[in-house]
Every structure is written in structure tokens, then in C-alpha cells.
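What follows is each chain in one-letter form.
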Amino acid sequence: MDSRFDSPDAVRSRLRDVDYLSDDAIAGVVFLADRLGKPILVEGPAGTGKTQLAKSVAEILGARLIRLQCYEGLDESKALYEWNYKKQLLRIQAERNNESTWEDIETDIFSDEFLLTRPLLEAIRSDDPVVLLIDEVDRVEIETEALLLEILSDYQVSIPELGTITAKQIPMVFLTSNNTRELSEALKRRCLFLHIDYPDMEREKEIVLTRVPEITDNLADQVTRIVRSIRQLELKKSPSVSETIDWARTLLMLGIESITEADAIDTLNILLKYQSDITRATKELSADTTQRRPGVPRTS
Amino acid sequence: MTIAEPSQSSMLDLLTGFILELRAAGLPVSLTENLDAMNAITHIPIEDRNAFKYALAATLVKNNAHWRAFETVFEVYFSLRGPAYSLGGGDEPLDLDDDDTAANPEAAGAGSGGGGGEALTPEQMAEMLFKALQQGDNAMLRALARQAVTRYAGMEPGRPVGGTYYLYRTLRNLDLDNVLEQLMSQAKEQAPAPLTPLEERLEQDEFQSRVDKLKQEIESEIRRRLVADRGVEAMAKTLRKPLPEDVDFMHASRDELMGLRKAIYPLTRKLAVRLARKRRHGRKGPLDFRNTVRHSLSYGGVPADPKFRYPRPAKPEIFVIADISGSVAAFARFTLQLVHAISGQFSRVRSFVFIDGIDEVTRFFEGVEDISLAIHRVNTEADVVWVDGHSDYGHAFEVFWDKYGREISPKTTILILGDARNNYHSSQSWVIKEMSKKARHVYWLNPEPKAYWDTGDSIVGEYGAHCDGTYECRNLRQLEKFVEVLE
Chain A
0 MDSRFDSPDA VRSRLRDVDY LSDDAIAGVV FLADRLGKPI LVEGPAGTGK
50 TQLAKSVAEI LGARLIRLQC YEGLDESKAL YEWNYKKQLL RIQAERNNES
100 TWEDIETDIF SDEFLLTRPL LEAIRSDDPV VLLIDEVDRV EIETEALLLE
150 ILSDYQVSIP ELGTITAKQI PMVFLTSNNT RELSEALKRR CLFLHIDYPD
200 MEREKEIVLT RVPEITDNLA DQVTRIVRSI RQLELKKSPS VSETIDWART
250 LLMLGIESIT EADAIDTLNI LLKYQSDITR ATKELSADTT QRRPGVPRTS
Chain B
0 MTIAEPSQSS MLDLLTGFIL ELRAAGLPVS LTENLDAMNA ITHIPIEDRN
50 AFKYALAATL VKNNAHWRAF ETVFEVYFSL RGPAYSLGGG DEPLDLDDDD
100 TAANPEAAGA GSGGGGGEAL TPEQMAEMLF KALQQGDNAM LRALARQAVT
150 RYAGMEPGRP VGGTYYLYRT LRNLDLDNVL EQLMSQAKEQ APAPLTPLEE
200 RLEQDEFQSR VDKLKQEIES EIRRRLVADR GVEAMAKTLR KPLPEDVDFM
250 HASRDELMGL RKAIYPLTRK LAVRLARKRR HGRKGPLDFR NTVRHSLSYG
300 GVPADPKFRY PRPAKPEIFV IADISGSVAA FARFTLQLVH AISGQFSRVR
350 SFVFIDGIDE VTRFFEGVED ISLAIHRVNT EADVVWVDGH SDYGHAFEVF
400 WDKYGREISP KTTILILGDA RNNYHSSQSW VIKEMSKKAR HVYWLNPEPK
450 AYWDTGDSIV GEYGAHCDGT YECRNLRQLE KFVEVLE
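Chains A and B, in that order, give the protein sequences.
For the first sequence, numbering that gives the first Met the number 0 assigns the number 0 to the initial residue and increments by one for each residue that follows.
For the second sequence, numbering that gives the first Met the number 0 assigns the number 0 to the initial residue and increments by one for each residue that follows.
Any given hint could be a false lead.
[What the hints assert, rightly or not] Under 10 Å between C-beta atoms, here's a sample of chain B residues computed to sit facing chain A:
1) T31
2) A57
3) L197
[Said to hold, decoys possible] Not everything, but these chain B residues come out facing chain A in the computed CB check (under 8 Å):
4) S29
5) A54
6) K61
7) E70
8) L201
9) F206
In case anyone wonders, no lab produced these hints; they're calculated from the structure.
If you're wondering where the values come from, they're calculated on a predicted model, not measured in any experiment.
Quick reminder that beta carbons are idealized off the backbone N, C-alpha and C, glycines included.
So here's chain A without its partners, still in its complex pose:
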């Protein structure tokens, strides 16, 4: 198989071209997934760019993105394929007057024409390059996970009436998980694992600068520094990268050039979504730091 990327650095720079700032881990794993032909299981807090990664990779490869959104109760007929039984019924009725045998009809109605493809099968059968995104895989029941196993390890789908359909080209596959439950060993074993955490300050600043191009360097710096401080608190939900970007946009729209305490506190509700978190952050941001750490005596 032709490989899509030359080196991890190439992945990194091409992702940068589409405004996705990766780090060593992300670029390295994407590179390997391509070389080894393995799916990537992306895990991490909400809003750190898991889904965006798949979209960006699709963009740089010029591939079509096929997305399967997982939910409780997802089944075979929604994920893999379904027989178009209405059409099959019509076919049978149309045949009634003719003198065709049972075998004829049977082979006829279980043919490609009557098959409705769903995202997984579609990704397999596609002639053009595709990127398959299986979003929030932790939402399906553990039994349903088994549906994915065949496609993830062998890139094929077995349909009892038709036989096995094998992929024409191996697609890049991304699975995302918010870790609301432990995924099965079988699934994890078949994937490369990538944990995307909150970025460090320098990278987050770069992300803000790329995503909000009108922002000044100084403001971006302040924004990321405040976000870093807030993430250190024990919160129910730490601000995500997308919330940081929203916040930066808001500040820009309000015409703020340098964040004061009052500005920060007034707009905290964009970063934090729980009242208890907001109260706590307000208290911490306006508190005198010398009182905060008992080890540091007050300097007058």
C-alpha cells in the first residue's frame, strides 16, 4: 500500500496547513496509523479537538469523511447495512405472474441492488479515498462494539447472503471516546491509542492565534495564561480548548485589549459551565495570592 505520509514531521506540517496544530504525539500516531494500517482510538476530555483531528486529516488527504455517530441502541441496520425489504417485496410481486423459480427470485432479491449501505459498509466499498470517523464510540453498549471488530481488524464486512466484502483501499479510521465507560479489550487491542489532553500553554496560544486571527499577541498570551491558572483549580469541568477560543473571540468583540480582573470575572461564564465552578474561579482569581499559599508569607 502506498503510504500517505513521509514522516511524523510531514503530518505535522500538513496538519498545520489546514490550521490544525498538532503535537509530537498526535503527528506520530497519525503517521503510524497510516503505516501500520490500523485505526486510531482517540480519547480525552471534551473539546480538545478529537473530532476535528479526523476532519482535518480528511481535509489534507482530500478524502471524503464518513461519519458514524454512535448512540445507545445503535444496531447493525444503522451501522453496517440493511436489506431494502420494500423493494424486495415489490420485486417478488412483480415476479408473481412470470414463471420464474424460487431460486431465481431468491438470488435476485439478495443482490447488490437491494442492499442499503450504512456508514461502515460505505467506507469499505468506496473507490475514492475516505476517512471513517466513528464518533463517541463509548455511547454504544458493550455488545454492539462487537459489530465494529471485523471492520477494524480486517477491513471487511461479512453479509450472510452475499459473502464477504473486502475494502478496496484501507481507509484511515478514527474512533473517539469521552471515556464514559471502559471500552472492551478486544476493541482497544485493535487500535492505536491516542490521548489528547489540554495543550500546554505555548501550543494553546498558537491555537488561539490561528483560530482567532484578529487577536493581538498580547491578548492571546493573557488568555492562555488565565486559562492555565483556571485549569489548575479542582473543577467539575475544566475549560476546553474550544471554550478558550470562544472566550478569546468574546473578548475581542467586546473590544478588550488587556484583561482586567473585572473583565475576566464578567466573562467567566463562557469558559465555565457550572455555577459552582464559576463561583470558585471568581474567588480564586480575585483572591490575594499571598493568602492562597500558606507557605508564602505576606510581603508588605
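Model the placement of chain B on the given structure of chain A, informed by the hints.
Frame of chain A, contents of chain B only:
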């Protein structure tokens, strides 16, 4: 790739050892994953250490909680090794021209004239450290960390001391708390206008993160030298730490407790989802007669499609009775925190804590969103001491029965947390017997290893005889498993 033949086979040996060590540390590495890792590293340039590390991580570590364990083992096995890390000469010169630290003392503005060959005085070194921290000069910090270890840790070959001891010695000499304070006061002086609390806070966080970075550098420097001295396998063995879910509640260190507190929130979310799911699925309600008849009309009166009522199993009411005396306090804290965090899954949660007296603490949790705050109030405000503050299960249970016993209903599930070390007081186990007659279930969770049960003054067996189950709950993994039993 660029690997030469002989080094390839030695690489294979090293990797095999590495994976064995990961398994010994508790990571579940399967054979396929092992093969994947071997396969993966042939695709990346071996001299790219970062890519190498992430290739191994992506194939071998499938749970983010295991990342730290992986990193430690990786560092021990694949850290830079060479003469620079030998323990030989104690008076090694400050080696700033080392290839991986392309720093130059003059460029860094140290100006102390000590960069070349002779050793620095402690004052000069402190000054350089201060400047490096102030400017956030990472290369300089790394070099200084190396120097500080040489100078202060007093490492001797073959000495049977753990890395923590050396770390402590080095940090004590550097006195970083003091340095941090100086950095802050200087930042304040140099600022054109007085700093607002917000700015001050940001400034402090910045310095703090630099100091943390320095500490990390020192720690890994000590580790590297120990590896050079003792060999990879011995070192990996001493550094082996339990994974977060395996940390023993009763003997957790401060760092481990911090790790546990971080681990508990995602865990509660997971458990809540699982309990809610279990309640919705898995059983069908009773036949809905009216609905079935209505639908039978479309089949000409034949009830071909039976309809069932939506299942609404009653949510249990939970009573938690926890011993919060010294030895088991950490365990009680975590369990209380866990149960309250998933209280949405129960119709009601009431908590009681005791040592030798007992007090209801449900009020501390009511309307409070921040559970750790509530736990803090439980520890400071609850009235739990009756005579001397030594556990007396018998008395606590007796008082509980008098005060709250009549509130136990057939919907109540009672959890009792404690090691049942009763200091040879009378057990009053009839209370548990009566409880189990009235309540739906009574469970006893014991944070002690099973081997210690019923030894010394532990009488868990006597109480356990009347419970629906006694469970060993030494770590998060066991606690998580137990919560799934609850219904």
C-alpha cells in the same frame, strides 16, 4: 531502516525487557500489542526519541491512567546513558557545553565567570538558578539541575538508598520555596505599576510551573544516574508503583492521594452512566393490558403484539455508616465522596460517621455542589467523639439503632465502612442482625486485606455473619466493582 544488524538484536532484547517490566507494573500488554509495538518501531527513525516513545505508547498503553507508569519505565529503559551520568567524580565541572544543552553561560547572562572549568560557589549557583528561573531558560535549568544533583545529592555508587532520599537532599539545599518568594517580590518591584491580584496570580503560576519543571529535571537526573549505577532492571523494580486504581487507600502517600482524588471524578461519571443504563435495560415491566388490547385491534382482535409497561424499578435508599478514625479515614472519605457523587442514582443518600460516638452528616452534603468541601466539614464539624476518640463500633451501632433504627425501611440499603477493629469493646452485633431484618441489604466494606480480618481486635467476622456480604475494598478498582453490585 537505519538500524545496524547487531544493534537490532540488542534492541529486541531491550524491548522484551521493557515489555516484561510494563507487565510487572500492572499494565495489561497482550501478545498482539507486543507484536504491534515491534512492528511500529520499524517505521520510525530510531534516533527520533519522541517519535519512538509515542510509537511505543500508542501500541502498548491503552488507558491514560497508565501513562505515568509507562513514562517511568520508559525513562529507565531508554534514558540517555553515557559517561556524563556516572557517579565517579563528585566535583564534576558545570558541563554547560554538553551537546543536548546548547546553552552558554555568557549568553544566559550569568556572568559569573564560572562556566568554563572550575566549580561554582554555592552563591554563584543560586544566583544562576534564580536568573534561569526568572527568564524561563529551559536549557540552563537542565544544566543547573544536573549540577545541583552532582553537588548536593551526595550520590555514591552501590549505596542502597532510594531516589527519594537523593531528591530530598538536593531540594533541601536549593530551598526552592524561598527562591519562589524572592522571584515574586522582585517581579513586584520591577513592575511599572503595582500588580493587581490577577496579574500577581498569573505571575506566580508562571514561576511555579518553572520551578516544577526544575524539580522534574532534578528527579529524572537522579533517576538516570541511579540507572547507570544499578542497572536497568533493578532500578525499574525499585521505581515500580501501583497504578492509580490499585493504590491502597490505607497506605497511600500524599501524591497518591492527589492522584486518587483526580481519578474519582471520571469514575463517578462512569458509574452513574452504568447504573442508569442497568436500570433502564435488562428487564421488562409487567404486561400492559390496556395497551395490548388496543394494539390487538389492528390484528383483528388477536393480541399478537403484547405491550409491556415501561420498567420503573424503585431506586434504593442508601445509608452509609462510616468509621472515620485515623487508620481508615482515607477510605471513608473516598467512599462517601463516591456515593454522594452518584446520589442521583438513588432515591436518597444519608450518611453517618462515627468513631466512638455517631453523628448524621447528610446535612453537610445537601445543596452543596462541591463534595470535597462537604467532606472537609465532615472531618472538622461532625460530633463523633464520645469518650476517648478510639473506635468503638459497639457503642456507635447501639446509638445508631436508638436514634435512627426506626427509619430503616425495606427499601434501604445499608453500607457499613470500617476495619471492625473495635479495641476489644463489646461488639453489639445484635444491631447488625436487627438491621438486616429490616433493611433490603446490609453490606460491610473493609479496607483491610482479607488476610488480616479477624486478627487482633478485628471482629469483622462477627458482624459479617449478619450482613448480606462483606467486601474487601482496598483500592478504587475494588470499590468500583462493589458499586455495581448496588441496587
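| Is the hint on B/A57 kept, meaning its closest Cβ partner in chain A is under 10 Å away? | holds, 4 Å
| task | May I ask you to test the interface hint for B/T31 with respect to chain A, counting a Cβ-Cβ separation under 10 Å as satisfied? | result | holds, 6 Å
| task | Using 8 Å as the Cβ threshold, decide whether B/S29 counts as touching chain A. | result | holds, 6 Å
| query | Quick one, is the B/A54 hint okay against chain A at 8 Å, beta carbons? | reply | holds, 6 Å
| request: Let me know if the C-beta of B/L197 comes in closer than 10 Å to any C-beta of chain A, holds or violated. | output: holds, 4 Å
| field | Satisfaction of the B/E70 interface hint, Cβ to chain A closer than 8 Å | value | violated, 12 Å
| query | Measuring from the C-beta of B/L201 to each C-beta in chain A, is the shortest one below 8 Å? | reply | holds, 5 Å
| task | With chain A as the partner, please determine if B/K61 meets the hint condition of a C-beta pair closer than 8 Å. | result | With a closest approach of 4 Å, the B/K61 hint holds.
| query | Quick one, is the B/F206 hint okay against chain A at 8 Å, beta carbons? | reply | violated, 11 Å
Checked against the numbered hints above, the structure breaks hints 7, 9 and satisfies the rest.
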